[in-house]
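**Student:** From just these sequences and the hints, can you work out the full model?
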Amino acid sequence: MEPSHREMIMKNLDFLIQNTSDEAFDLLLERFSTNHGLSPYMLEKINKGGTSLEKKKKFYEMVPKRGPEAFRKLCDCLYSVGLKNLAEKLRGSRVFLDGCFSSKLNGSSHERYIIKSNPKGHVLIINIRNFIYNPLQLRRGSEKDVASLKELWKKLGYSVHFFKDLTCEEFKKEIDNFINLTKSDKLDSVFVFIMTHGMRNNTNHREVQLLMSDSGTINSDWVVDRFTSVHSKHLADTPKIIFIQACRGEDIDVGYWIENDSGHGNLEYNENSDAMRMPSPKPRYSNLLVVFSTLPGFVAKRNIDTGSPFIQELCQIISIKSKKSHLLDMIHEVNRNLKEEVIKNWNVQGRSSFFQTVHYENWHFSYKLYL
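For the sequence shown, UniProt numbering gives the first residue as 1, with consecutive numbering after it.
Worth flagging that the hints you see were computed from the coordinates, not collected in a lab. Careful: at least some of the hints might be erroneous.
[What the hints assert, rightly or not] Straight-line C-alpha distance at most 25 Å; calculated BS3-like pairs for lysine-lysine:
#, residue 1, residue 2
1, K144, K116
2, K321, K301
3, K154, K173
4, K301, K339
5, K155, K323
6, K150, K116
7, K339, K324
8, K183, K368
9, K344, K321
10, K183, K155
11, K172, K150
12, K73, K11
13, K323, K344
14, K144, K321
15, K58, K11
16, K45, K73
17, K321, K116
18, K48, K65
19, K58, K73
20, K154, K321
21, K150, K183
22, K368, K323
23, K154, K144
24, K144, K155
25, K120, K233
26, K186, K368
27, K116, K324
28, K323, K116
29, K172, K183
30, K120, K368
31, K144, K301
32, K173, K233
33, K11, K65
34, K324, K155
35, K164, K120
36, K183, K173
37, K45, K58
38, K11, K57
39, K321, K150
**Tutor:** As structure tokens, then:
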């Protein structure tokens with residue numbers, strides 16, 4: 001590892017430790033180890049005893065000793081588990097935090113994706129509302145989410161494709177049909193919304209088993225994999241955003257009282273000129289953002305009268321702010337608003353609700369996307 005990279009890690013050691021959540025750290029260890037970043041012995045040494053902070057300290061102190069590619073691997077893994085703010089910090093950008101999300105950036109060239117096609121892009125909406133073998137699982141209120149999404153994306157100038165109540169076989173077929181459509185009618189961005197019941201994947205807690213109308217399940221990573229540069233080479237340079245509105249387990253975040261709650265300020269930032277697309281090798285996971293309505297292991301809210309708070313808030317924020325704000329900033333605002341709404345209801349009604357934290361995984365989604 002270059003001395004400057006080693007120095008950057010050690011200089012920001014406390015920052016890295018304090019801003020790596022326990023959930024993200026488990027994923028980070030898994031990803032870094034899978035990428036030959038750690039030996040089984042080192043992994044055992046990190047996990048053996050000690051507090052979560054001590055484990056994180058051991059990990060970050062080991063990284064500089066893991067060869068010339070360790071810094072790049074660390075940054076890539078931080079991006080992939082949703083800790084873009086930490087990766088940017090290591091790479092020298094000034095980042096200001098809001099909760100566990102990176103916020104506005106100020107510093108060297110942060111380019112934007114070029115959206116010039118007409119329509120601007122393709123939007124696929126899949127809603128599983130009815131379940132053939134278990135009518136009691138009916139997702140009442142999800143039709144409101146469909147209506148809001150259709151109205152929003154048509155208004156923004158996108159080509160919208162909608163399917164409902166698909167079986168496992170039909171779901172896979174429509175995903176592939178949609179990908180084939182983007183080959184023949186290539187536009188500048190791709191959005192996918194999947195709304196259904198979800199269950200924790202016990203072998204990998206970051207994944208979610210998505211329930212189809214025939215009660216079969218599709219792994220969320222199967223969906224992500226279809227949009228990688230391996231399966232969709234023609235979309236390698238195209239921003240692809242997958243939204244998943246589904247539970248990821250049964251845990252409920254009722255919140256905790258903390259005496260001193262500190263926040264972080266934000267600074268204004270200036271836009272840079274459009275990026276030029278240059279031919280180059282493409283990483284497997286290229287320009288891909290996966291946004292979950294909740295954290296691994298936790299439930300996602302849905303109101304039978306008004307729809308899902310995440311989808312409804314997302315549509316409202318994008319509708320109001322899409323001309324001036326880029327996508328990630330709008331997702332951050334959705335997350336803040338969902339938190340503030342719970343706190344407001346809590347203050348008025350007492351403990352009557354629970355927190356829902358938006359969680360995303362960034363796979364080389366490197367630029368700002370304005371809709």
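**Student:** What hints, given by number in increasing order, does this structure fail?
**Tutor:** The structure breaks hints 1 and 13; every other hint is satisfied.
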